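Residues per chain, in single letters:
Number of protein chains: 2
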Amino acid sequence: MKEQNFKAKLATLAQTVDKALQDWLPLNDEGRSANLNEACRYSVLAGGKRIRAVLPLLLAEMYQKPVKPVLRMGCAIELIHAYSLIHDDLPAMDNDDFRRGRPTNHKVFGEAMAILAGDNLLTLAFAWLAGLNEFDVSEAKVIEIIKKVASAAGGEGMIGGQVLDLAAENSNIDVAALENIHRLKTGALIQVPVACAALICDAPEKDFDKLSEFAFKLGLLFQIVDDILDVEGSLEELGKMPGRDASLGKSTYPGLLGLDSAVKMASEIHSAAISALNGLSVDYSLLAEMADFIYSRKN
Amino acid sequence: MKEQNFKAKLATLAQTVDKALQDWLPLNDEGRSANLNEACRYSVLAGGKRIRAVLPLLLAEMYQKPVKPVLRMGCAIELIHAYSLIHDDLPAMDNDDFRRGRPTNHKVFGEAMAILAGDNLLTLAFAWLAGLNEFDVSEAKVIEIIKKVASAAGGEGMIGGQVLDLAAENSNIDVAALENIHRLKTGALIQVPVACAALICDAPEKDFDKLSEFAFKLGLLFQIVDDILDVEGSLEELGKMPGRDASLGKSTYPGLLGLDSAVKMASEIHSAAISALNGLSVDYSLLAEMADFIYSRKN
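Chains as they are written, first to last, in my numbering: chain A, 1 to 299; chain B, 1001 to 1299.
There may be inaccurate statements among the hints.
Unchecked claim - Selected chain A positions facing chain B (Cβ under 10 Å, derived; list incomplete):
| hint | residue |
| --- | --- |
| 1 | Pro66 |
| 2 | Pro91 |
| 3 | Met93 |
| 4 | Glu111 |
| 5 | Ala114 |
| 6 | Ala117 |
| 7 | Glu144 |
| 8 | Ile145 |
| 9 | Val149 |
| 10 | Gly155 |
| 11 | Gly157 |
| 12 | Gly279 |
| 13 | Ser281 |
| 14 | Ala288 |
Said to hold, decoys possible - Derived DEER-like restraints, expressed as beta-carbon distance ranges:
| hint | chain 1 | residue 1 | chain 2 | residue 2 | range |
| --- | --- | --- | --- | --- | --- |
| 15 | B | Ala1177 | A | Asp209 | 33 to 43 Å |
| 16 | A | Gly249 | B | Lys1007 | 25 to 35 Å |
| 17 | A | Ser171 | B | Ala1177 | 26 to 36 Å |
| 18 | A | Asn172 | B | Arg1102 | 29 to 39 Å |
| 19 | A | Asp260 | B | Val1108 | 38 to 48 Å |
| 20 | A | Gln22 | B | Phe1208 | 33 to 43 Å |
| 21 | B | Gly1258 | A | Phe98 | 43 to 53 Å |
| 22 | A | Ser138 | B | Leu1045 | 50 to 60 Å |
| 23 | B | Gln1004 | A | Phe208 | 24 to 34 Å |
| 24 | B | Glu1139 | A | Asn172 | 42 to 52 Å |
| 25 | B | Ala1140 | A | Val263 | 47 to 57 Å |
| 26 | B | Leu1045 | A | Gly249 | 32 to 42 Å |
| 27 | B | Asn1170 | A | Asp23 | 32 to 42 Å |
| 28 | A | Pro103 | B | Leu1045 | 34 to 44 Å |
By construction, these hints were calculated from the structure, which means they are not laboratory data.
Source: prediction; values computed, not measured.
All residues carry an ideal CB built from backbone N, CA and C; glycine is no exception.
Could you build all of it, start to finish, from the sequences and the hints given here?
Shown next as structure tokens:
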């Protein structure tokens, strides 16, 4: 597929995700939780690339399986991603005023509501995952998925990475330590929807490790490119302040390696991500194009 | 059972819960999550009456079923309870410095870690619930339990009550509105372990509504007595500042009804809780004694 065609395809898939989230998230109503629902929708429906939900859709296409179960699962992961951003942006954490070109959740709804909105989205994510049995996913798989997601989102995954990230602020860490932070903080929540999609799509056992390795590299690539864009990008392109990470005293790949070496590393990981797919039981060109897209993105 | 004997029994059951939490919570280690685990253990292992986990143990005894599955489930609910207290105490929320006679989580570990510790406990709770299939709970029941708990802990339950509670601060609400707040904020997380225990213990269908009504009344009773103690109690007895709720501009039963009427209401709800159990398929004296205990507690 030509690059432009794949971009258009990704945009269509992201729209599918947006539409599903729009439909599935509790609506504003006149009842007790109106503000809560509004705060949740504000952050979840702020757009974005939706790669955590799009990757499962690509797998459903590759394995020729129904879209709906993987869409529901991917959307649950998007809820967890959204909650983590809301809490990350809080004054006690990264203290960010802008996200995707708009004021952050607590700037609009206040800190108390932002904390509760994050808590609610995490809770709702597990409700959606538990409801996968209504989407023709077997009970055994539903339970395995919930275990995988809880592990990826918890202290051994995303939250653990966040703890390390906070501890590493304004301190000197090496590239291995930085990679470990990203593996947990960002990588775990990119790997897990791929692993769960493989499970839902009945991928052959021998594909699991390849897909997992690919998703790991993709998460790493995503982060390195993010760091490079943070140096090179503009506010207009990024929707957030460039140089923000460096000013927070956070370690970045360009900061540790220099910009040129970081760019070279991105190139190597891009290749490694695609190599990881060698021998997959189905055509993996969609995932390879996804890696190309992440590698060459400008925002 | 004599009141003193039942108190001793409750203390023993609470110890069983404490021991299980001690064993099951991730340990401090030298690795990445040491601080996170420490922060989580600090709040979860702070003691308390453990009624959310003890109620399921009473049901296991009544229905003569194994302890371990209901213990695991009840402990997961205790994690959710602990997370909600950590987040409630944050400066952006109730801004409390003390809880159970000790500094609150964020006073010890800082706000960022307190937010993450709460997030982690909520995530871990769902991991434990999903793992109930390893405790001889059928897959179908595990999924139903996760749905029930997510609903009770989310925007239609505990978090919804928290939103209402914040909105009601420094405003005039009536008794019905206050009861609605407590039904969601406190009641939902007392009802749900009872409902899940009934499910795990294979209670007859006809017992479900009775147990649910009992647990609802028990939650309400718990809150009214809490409010009364907040007026009458001492720092020493309560482990927190008496009069704290009133000074936060929170509505209380004694505040809305006067102390005498609140005491009368507590008496009526105590009776109603026990009446709700009429016709249960098994001897319910343990639950009746639990209601007596909640009614007459001093802290």
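Here is how each hint holds up against the structure:
With 10 Å as the threshold, the beta carbon of Pro66 of chain A stays out of range of chain B, its nearest partner Cβ sitting at about 20 Å, so the hint is violated. Using the Cβ-Cβ criterion of 10 Å, the hint placing Pro91 of chain A at the interface with chain B is satisfied: the shortest such distance is roughly 8 Å. For Met93 of chain A, the shortest C-beta to C-beta distance to chain B is roughly 5 Å, which falls under 10 Å, so the interface hint holds. The interface hint given for Glu111 of chain A is met, as the beta carbon of that residue sits about 4 Å from the closest beta carbon of chain B, less than 10 Å.
Interface hint at Ala114 of chain A: satisfied, since its Cβ lies 8 Å from the closest Cβ of chain B, which is below the 10 Å cut-off. Checking Ala117 of chain A against chain B by beta carbon gives a least distance of about 9 Å; that is within 10 Å, so the hint holds. Evaluation of the Glu144 of chain A hint against chain B yields a held restraint, the C-beta minimum of about 8 Å falling below 10 Å. With a least beta-carbon distance of about 9 Å to chain B, the hint placing Ile145 of chain A at the interface is held under the 10 Å criterion.
Because the closest C-beta pair between Val149 of chain A and chain B is about 8 Å apart, less than 10 Å, the hint holds. A distance limit of 10 Å between C-beta atoms decides the matter here; for Gly155 of chain A the minimum to chain B is near 5 Å, and the interface restraint holds. For Gly157 of chain A, the shortest C-beta to C-beta distance to chain B is roughly 9 Å, which falls under 10 Å, so the interface hint holds. This hint is violated: Gly279 of chain A has a C-beta 32 Å from the nearest C-beta of chain B, more than the 10 Å allowed.
A least Cβ separation of about 28 Å between Ser281 of chain A and chain B goes past the 10 Å threshold, and the interface hint is therefore violated. Look at Ala288 of chain A: its Cβ only gets to about 32 Å from chain B, farther than 10 Å, so that hint breaks. Taking the beta carbon of each, Ala1177 of chain B and Asp209 of chain A are about 55 Å apart, not inside 33 to 43 Å as hinted. Under the hint 25 to 35 Å, the C-beta atoms of Gly249 of chain A and Lys1007 of chain B, about 53 Å apart, miss the expected range.
Distance hint for Ser171 of chain A and Ala1177 of chain B: a CB-CB separation of about 49 Å, inconsistent with the stated range 26 to 36 Å. Checked against the hint of 29 to 39 Å, the C-beta distance between Asn172 of chain A and Arg1102 of chain B comes to roughly 35 Å, which is consistent with it. Roughly 44 Å separates the CB atoms of Asp260 of chain A and Val1108 of chain B, a value that falls within the hinted 38 to 48 Å. A hinted range of 33 to 43 Å for the beta carbons of Gln22 of chain A and Phe1208 of chain B is consistent with their spacing of about 35 Å.
A C-beta distance of roughly 50 Å is found between Gly1258 of chain B and Phe98 of chain A, which places it inside the suggested range of 43 to 53 Å. Between Ser138 of chain A and Leu1045 of chain B the C-beta distance comes to about 37 Å, which lies outside the given range of 50 to 60 Å. Between Gln1004 of chain B and Phe208 of chain A, the C-beta spacing of about 58 Å breaks the proposed range 24 to 34 Å. Checked against the hint of 42 to 52 Å, the pair Glu1139 of chain B and Asn172 of chain A passes, with Cβ atoms roughly 48 Å apart.
Take Ala1140 of chain B and Val263 of chain A: their Cβ atoms lie about 52 Å apart, and the range 47 to 57 Å holds. Checked against the hint of 32 to 42 Å, the C-beta distance between Leu1045 of chain B and Gly249 of chain A comes to roughly 33 Å, which is consistent with it. A beta carbon spacing of about 37 Å between Asn1170 of chain B and Asp23 of chain A agrees with the range 32 to 42 Å that was offered as a hint. Distance hint check: the CB atoms of Pro103 of chain A and Leu1045 of chain B are about 39 Å apart, consistent with the given range 34 to 44 Å.
Violated hints for the displayed structure, listed by number in ascending order: 1, 12, 13, 14, 15, 16, 17, 22, 23.
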